[in-house]
Amino acid sequence: MAKQKRERGMFFGRWKATDGENANPWEAIGKDNDELTKELNPDTESFKNVLGEAGLVHSGYEPEVDVDPYYMDPNRSMYEHMLECALEEKYGEEDLVGEFAEAFFTSADATAGTMTGYCYVRDAWFVPQSTGGDTSGYSIPYNIKPVGPMVKKNIVYTLATNAATITDITTP
Amino acid sequence: MATQRQTIIDIEGTDVASKVLLTLLNQFPGLDGREITFSTLNRDSGISMFPTSGAVIVENRENVLGEVHQVCAYPFDIIYRAALKTDRHKMRVKEFLDALGKWLEQQPVTISGTVYQLHNYPEIGENREIQRIQRSTPAFLNAIDQDGVEDWMFTAQLRYTVDYNKFMN
Chain C
1 MAKQKRERGM FFGRWKATDG ENANPWEAIG KDNDELTKEL NPDTESFKNV LGEAGLVHSG
61 YEPEVDVDPY YMDPNRSMYE HMLECALEEK YGEEDLVGEF AEAFFTSADA TAGTMTGYCY
121 VRDAWFVPQS TGGDTSGYSI PYNIKPVGPM VKKNIVYTLA TNAATITDIT TP
Chain D
1 MATQRQTIID IEGTDVASKV LLTLLNQFPG LDGREITFST LNRDSGISMF PTSGAVIVEN
61 RENVLGEVHQ VCAYPFDIIY RAALKTDRHK MRVKEFLDAL GKWLEQQPVT ISGTVYQLHN
121 YPEIGENREI QRIQRSTPAF LNAIDQDGVE DWMFTAQLRY TVDYNKFMN
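Keeping their order, the protein sequence lines are chains C and D.
Take 1 as the starting number for the first sequence in the numbering used here and just add one per residue.
Take 1 as the starting number for the second sequence in the numbering used here and just add one per residue.
Bound-form chain C, shown alone:
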């Protein structure tokens, strides 16, 4: 079987709604990146017992995603608040915590221009790392640190608009 194409797996992010009702649209992360990786950073410790047997203690993961570069573009849904946080150097939870979705697409519809699959959604810190950059464009690279429990959901992604629709999985 051939290896899977890179675009099968995608990351999405959005800020939490401030008015308690209307959710912000999801932004497909990676428009400026030819490489984007969620580092799992496993917390493991090897040991050997008195019998000479090797063992491993796995205490979980500390995932993070480095989005660098991220060019400021007013068309992106996370743009405005990211700019505000970076310029004003905000660091509170109410400012920097949003939602993060990691998707895996299982099918595609060429006519409709959509991809369908599942994703895992959870809260995440979106932490700006710097502002400025080179002459390619005004960049605010940021680091994503997913936190808390994750929930599996359905996702439909539209290629033409980079829009994602994430819905609860309903058991029949």
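Worth flagging that the hints you see were computed from the coordinates, not collected in a lab.
One or more hints might be untrue.
[Claimed, not checked] Listed below are the simulated DSSO-like cross-link pairs for lysine-lysine, each with C-alpha atoms no more than 30 Å apart in a straight line:
no.: 1; chain 1: C; residue 1: K152; chain 2: D; residue 2: K166
no.: 2; chain 1: C; residue 1: K153; chain 2: D; residue 2: K166
no.: 3; chain 1: C; residue 1: K5; chain 2: D; residue 2: K19
no.: 4; chain 1: C; residue 1: K3; chain 2: D; residue 2: K166
no.: 5; chain 1: C; residue 1: K152; chain 2: C; residue 2: K3
no.: 6; chain 1: D; residue 1: K166; chain 2: C; residue 2: K31
no.: 7; chain 1: D; residue 1: K166; chain 2: C; residue 2: K38
Please read these numbers as outputs of a predicted model, since none were measured by experiment.
Put chain D on the given structure of chain C with help from the hints.
For chain D alone, kept in the frame of chain C given last:
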């Protein structure tokens, strides 16, 4: 051993660029009734656009969302053929070509006392957009035949971008 770089041509873009460029050239305000043809010159007269090669993909970037961004370069020559008797005539031909080149570069040009400027490049089809047209040389005398017919020319390059999505199957 050095690896030979393969030149990749945007074949569809080449066709589109040829047509769009020819239409644009014939919109030059300084033509004064003349027509710029495509790769065709009479034995002793004419103005024509000659593509040097196809549209070469000079840059190809792909992001993790499957979106591809390419920059293509379409080089071409403009040749003005005429039997020029005096150096004043030759100067006029050179000035015509230099003005045409400046106009293609979106610089203001003065023709018969009026300033003209190409503000927007034309549409070049779905997913493609002209970035710029830039001369590689000023107008120069390229050839004289035994009858004294001269070919004056300049070379230029049309750069455009292509954006599309590699669809996942």
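Hints versus structure:
1. C:K152 x D:K166: Roughly 27 Å separates the two Cα atoms, so the pair holds.
2. C:K153 x D:K166: Distance of about 25 Å is within 30 Å: holds.
3. C:K5 x D:K19: Violated. K5 of chain C to K19 of chain D sits at ~36 Å, over the 30 Å cutoff.
4. C:K3 x D:K166: Status holds; Cα separation ~16 Å.
5. C:K152 x C:K3: holds, 24 Å
6. D:K166 x C:K31: holds, 13 Å
7. D:K166 x C:K38: holds, 22 Å
In the structure shown, a violation is registered for the earlier hint numbered 3 alone.
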